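Assemble the whole structure, with the sequences as input and the hints as a guide.
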Amino acid sequence: MSLTRREFVASGLTAFTLPDLSHLVFAADNEAPIPVVDTHTHFYDPTRPQGVPWPSKDDPLLYRSVLPKEFQTLTKPFGVTGTVIVEASSWVEDNQWLLDLAKSDPFVLGVVGNLSPGTELFSKHLARFARNPVYRGIRVNADLVNKGLDRPEFLSDLKKLIDADLELDVNGGPEMLPIVDRLADRLPDLRIVINHLSNVKIDGKEPPAAWQSGLKACATHSKVFLKVSALIESARAGQRQAPTDTSFYRPILNVAWKTFGEDRLIYGSNWPVSDNAGPYKVVFQVVSEFFRDHGRVASEKFFARNAHAAYKWPA
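To convert a position in the sequence shown, counted from 1, into the numbering used here, add 120.
These aren't lab readings, by the way, just hints derived from the structure by calculation.
From a predicted model like this one, the values you see are computed outputs, not experimental measurements.
Careful, some of the hints might be misleading.
[To be verified] 16 Å max Cα-Cα, derived EDC-like pairs, lysine to aspartate or glutamate:
| no. | residue 1 | residue 2 |
| --- | --- | --- |
| 1 | K401 | E190 |
| 2 | K244 | D225 |
| 3 | K321 | E353 |
| 4 | K343 | D395 |
| 5 | K336 | D301 |
Next up, the structure:
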């Protein structure tokens, strides 16, 4: 069973009937499963006449048509009720292509597009796409933010996201954390979602002190969220598959939990890229086992409520 956007929000994110999910880690003690929103998926279709800018043709795993119906079927056993698509193309018209996917599929709750703040046509493009309520924000790389922090036109464009009640996903390595801290200090009303735990290397040990310090600085800003996504990719060594034991990920997840708390951690898979490191089952199992230890309320927030607070998809 999947909910429409209106039904999902109206449900208050409470339990509802799904196929037999008794095997799920958080579905125990006669409790019904909770809704799950995966806030980081990529969809694209290389068979289009114009093709795609990513992935490349020499990528045997990813270079194929990847569309929501496949993902919905794949994740149904895990209780995934909807997704937020994150851009995978620098082409402006692919913002519209993603919105067209959402128009025909209520499983898509929101779209995070690709536009470049501080450029001449940003305002025009943002106004165009933001007319569609499923358009929930944009994603940028941390280096673009770093270069734009001292440019008035860049900050002015980001203020337009605030005015439109949209958010900003930021991607990059651990060095992005001080950049996000500076941005949030300048624009405290902008909802910012740090992607992929800032792509910190996961080796089963205590995470680097600099990463922990940067994370703490970002967490002082109430509208900064941390997306627990690309988890198993960051734990992959060379060409091997990522570890499947939740204990391997606990050091990194413990720091994320202690720093951001139960109200600003968000679930995302980074599918289908995550398939490079392991199946979706591993992605889901690691985080569900970890959050079960923190109780049902924390799980409900991590898997759905916090996502809605960050992205505010429409009813």
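Results for each hint:
no.	hint	in the structure
1	K401 / E190	15 Å, holds
2	K244 / D225	26 Å, violated
3	K321 / E353	9 Å, holds
4	K343 / D395	31 Å, violated
5	K336 / D301	9 Å, holds
The structure fails hints 2 and 4 (numbered hints given earlier, in ascending order).
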